[in-house]
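S.K.: Okay, here's what each chain looks like letter by letter:
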Amino acid sequence: MLVKPNAIRRDLRRVEIKVLAGFLVALALLILAGGYTYTTSVAFANSLEWVAHTQGVRVSLAELSGSIANAELAQRDFLLSAEAARKDDFERLTAESTERLDLLAALVADNPLQLANLAVLRSAVARRIEVMRGALAALDHFGVAAARAVVSVARGTNGGSTADILAQVGRMDEVEARLLSERQAASERNRVITLVSLVITLALSAILFMALFRGIRSEVKTRENLEHELQAKAKQLEESNQELESFSYSVSHDLRAPLRAIDGFTLMIEEDYLDRLDGEGRRYLTVIRENTKRMGALVDDLLAFSRLGRQAVAKSAVNMDALVREVVDEALRDHKGTPPLIHIEQLPIAHADRGLLRQVWVNLISNALKYCSKSAQPTITLSGRRSATECAYVIKDNGVGFNMDYVGKLFGVFQRLHRADEFEGTGVGLAIVHRIISRHGGRIWAEGKINQGAVFTFALPSGESSG
Amino acid sequence: MDELAVADILLAEDSDADAELTLRALRKGNLLNKVVRVRDGVEALEYLFHEGGFRERPGGNPKLVLLDMKMPKLGGLDVLRRLKSDERTKLIPVVVLTSSAEDRDIIETYRVGVNSYLVKPVDFAEFTQVVAQVGLYWAVLNRLPP
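First to last, the protein sequences are chains A and B. Mapping to our numbering: the first sequence position 37 is 37, numbers consecutive. Take the position in the second sequence, starting the count at 1, then add 1000; the result is the number in our numbering.
Isolated chain B (complex conformation):
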């Protein structure tokens, strides 16, 4: 992965195991073009707003943000709020990928403006399918506003 290239997909995930599984699932769906992975909410915002370690990265937004809910420093919900309230990042599709199927999380993320909410299945085969479909739909098939 070239960290300085504009990512097609930004993956915000603190767990290495989950990140590796997600990357493998994306690769299986032939979607490994340009994925950048960050480890917490602060890094995700730094990437999106060209701050901190990502000051030098080329301009442009990713086609899709895959966001974990429970992350250290800044959680997925706070990242989502910042994204959806800023003109520059408001239009980026965000899919929440999380272990939690709690109603209050689902309601709150939709209220803030998430594009999709997915519960990661325990079964890896299912997980692969879900991630591949999401990646395909949002990063390849979906037409973004110009």
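Just chain A, same shape as in the assembly:
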């Protein structure tokens, strides 16, 4: 059994598709897994930022309480000591508190609850600062007693106390603390998800590439095996070709020798003993010699046919007009009987092996001459045409033709549609023509009708020189 080249091509195509599909799937999975890992890591980074943000809010709250407490301390010191520096401190610290409130407003802008809380805090701080300023103004205008009165009155009224401010800061801090723990939990979750998806992506790609590697390796192995198989087949083929060659060598040598002896000795009888034979005896000798010749022709034709299979086809541009005229002239030189009319139309240049094509024309033209030899006026027309893909050549005769029922047998070896006593021949000529045309990648076909001639057409692929 031979490995069919088509099957191998199909196999290789299948492998290519498999490898390509594997790579595409791997790529898609990697992109998906990688994308997921990317989004989870972005979420993780965001949650970390939120944690930092919350911590920032808490720090700002603590700093605000610090500023307020320090402002109060500075005010009291001033009330007690009347040191101008402490008053300056107070002014600086209240300004600082207001700035801290503005900063906090910016930080919690995303949180409505904290914004509401901040509004409460802001008014508490404003009230407290107002009261402290009130005490300082009383001290300025009316003395220490008035200032103390302002302070104690303020303590009695609602708000305005530092404790309220601190409580409000505490509330806000609690909210932030809750947010912080929530955000820390979210960030932890994101960290785990990122890590897991990263590990899964890496594991998946490792598995995929291992699978791909194994697949490719097994396909390479299969290819190697196929190649070995092919090499083995090629070797077998070469061996059987060699066997065939030595077989045909023996045939050509050993089969012809006895034929020569039969023919030679029959002729010797004819030459030396003819006077001792009667008419029937002489006829027998003629039959023997005719058959010997026929057998010789068969052996020669068969050898020519088998040699064709081994002969290389050397293509070049062939001037068909010149070739055909050469063959026709030669055929007419040996022609006996009614001189035929031969029309040769312009033939396209062929891209083929000249020697082999010559054999094609010799066989087809001698066939045409043979089968129209019994017509009143043998006529043969040779024509050609060219299409985009091939050059076709037509040999038409007005001879005995053939029955289209047997057209399938026309090109077989030793297949004849006529008896040897009607038309001589071995039945190899058209088989040789068919083989030569096939070896050129062309095709040949025939049309005919009994007693109405035959048309043989062969087409050759137009090569680079035909343009």
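One or more of the hints may lead you astray.
[Unchecked claim] No farther apart than 27 Å at their CA atoms in a straight line, the calculated lysine-lysine pairs in the BS3-like style are these:
id, chain 1, residue 1, chain 2, residue 2
1, A, Lys336, A, Lys396
2, A, Lys336, A, Lys374
3, A, Lys221, A, Lys18
4, B, Lys1034, A, Lys293
5, A, Lys293, B, Lys1073
6, A, Lys315, A, Lys336
Keep in mind the hints are simulated off the structure, nothing from the lab. Bear in mind the structure is a predicted one, so any value in this text is a computation, not a measurement.
The hints should help you fit chain B onto chain A, whose structure is shown.
M.R.: Using the frame of chain A, we list chain B on its own:
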């Protein structure tokens, strides 16, 4: 045939039928002056180099050797190689007469230095013509180097 005379033509042919046909063809071409026939390659070399059964034969080379390719013991190609590589026999014209028209035989014999290569036709009439022409050309018309 006087086997001890110097042959004009040495015919190396294993098949009796072919030898008889060749002799008849030569006779028909009036060329039967002195033909010696040997049956294989070894005998052919013995004749040419005065060895074996031909030790006693008179000196001198034949004018032509007709050599069959396929012979027992030693084939035509080996005989040809020996002939063409020896100074004493190098100049003898050798015509290969064979049934085989195989390209590789033709190429190889010409490479070794054959003077002519002829395929024996099956048709005896043709065969006679070919042998007579070859004999006439090489044994009679052709001028050998002195």
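S.K.: Evaluate each hint against the coordinates.
M.R.: Status of the hints after comparison with the structure:
1. A hinted pair counts as satisfied when its Cα atoms are at most 27 Å apart, and lysine 336(A) with lysine 396(A) qualifies at roughly 20 Å.
2. Restraint check for lysine 336(A) and lysine 374(A): satisfied, since their Cα atoms lie roughly 11 Å apart, inside the 27 Å limit.
3. Of the pairs offered as hints, the one joining lysine 221(A) and lysine 18(A) holds, with about 15 Å between alpha carbons and a cut-off of 27 Å not exceeded.
4. A distance of roughly 32 Å separates the Cα atoms of lysine 1034(B) and lysine 293(A); the hinted pair therefore is violated under the 27 Å criterion.
5. Under the criterion of a C-alpha separation no larger than 27 Å, the hint pairing lysine 293(A) with lysine 1073(B) is inconsistent with the structure, at around 31 Å.
6. Note on lysine 315(A) and lysine 336(A): the hinted pairing is violated, with a Cα-Cα distance of about 34 Å set against a maximum of 27 Å.
In terms of the numbered hints stated before, the structure departs from hints 4, 5, 6, listed from lowest to highest.
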